[in-house]
Amino acid sequence: MSLDRLNPAELSPPTGFSHAVVATGSRLVFLAGQTALDTDGKVTGATLPEQFEKALRNLLAALRAAGGTPADLARVTVYATDVADYRAHAPELGRIWKKWAGRDYPAMAVIGAARLWDEECLVELDGFAVLDR
Numbered sequence: 024m025s026l027d028r029l030n031p032a033e034l035s036p037p038t039g040f041s042h043a044v045v046a047t048g049s050r051l052v053f054l055a056g057q058t059a060l061d062t063d064g065k066v067t068g069a070t071l072p073e074q075f076e077k078a079l080r081n082l083l084a085a086l087r088a089a090g091g092t093p094a095d096l097a098r099v100t101v102y103a104t105d106v107a108d109y110r111a112h113a114p115e116l117g118r119i120w121k122k123w124a125g126r127d128y129p130a131m132a133v134i135g136a137a138r139l140w141d142e143e144c145l146v147e148l149d150g151f152a153v154l155d156r
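Residue numbers for the sequence shown, in the working numbering: 24 to 156.
Hint data in this document are derived by calculation from the structure and do not stem from the laboratory. Idealized CB from N, CA, C, for every residue including glycine. Hints may be right or wrong, so weigh each one.
[Said to hold, decoys possible] Taking CB as the label site, the calculated pair distances span:
| hint | residue 1 | residue 2 | range |
| --- | --- | --- | --- |
| 1 | T38 | K65 | 30 to 40 Å |
| 2 | R50 | V106 | 30 to 40 Å |
| 3 | P114 | T67 | 18 to 28 Å |
| 4 | E143 | E115 | 15 to 25 Å |
Build the full structure now, drawing on both the sequences and the hints.
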């Protein structure tokens with residue numbers, strides 16, 4: 024399996040994402056949207072960074088259950104109920120990403136959402152990974 028991250032010089036320099044990811048492998052893992060729910064189904068964290076960290080850890084737990092690692096992520100979509108708040112916390116969210124997922128950035132997008140399934144949730148992450156096993 025290989026993921027080749029492409030960042031063409033004619034595009035703006037990426038910060039915390041890759042412009043394109045070419046995936047070659049034998050197994051795709053589609054990851055459902057994850058929020059800041061704990062094992063009892065309760066939303067944890069009152070701030071966007073707290074909820075982002077829990078949602079990311081939940082996404083990575085699902086990926087690990089499928090036999091993958093953060094480096095296998097080809098695409099992640101972030102749904103935020105307040106994009107301005109997300110942008111304001113971007114440096115902290117980047118540090119959280121690096122702590123749990125490292126520096127092999129997938130192709131990413133942040134999309135504003137009026138609300139998420141659980142009204143208290145501020146952020147949700149989904150994505151897919153490519154594995155060779």
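Going through the hints against the structure:
1. A C-beta distance of roughly 33 Å is found between T38 and K65, which places it inside the suggested range of 30 to 40 Å.
2. Distance hint check: the CB atoms of R50 and V106 are about 33 Å apart, consistent with the given range 30 to 40 Å.
3. Range check, P114 to T67: Cβ separation about 22 Å, and the 18 to 28 Å hint holds.
4. A hinted range of 15 to 25 Å for the beta carbons of E143 and E115 is consistent with their spacing of about 20 Å.
Every hint from the earlier list agrees with this structure, and none is contradicted.
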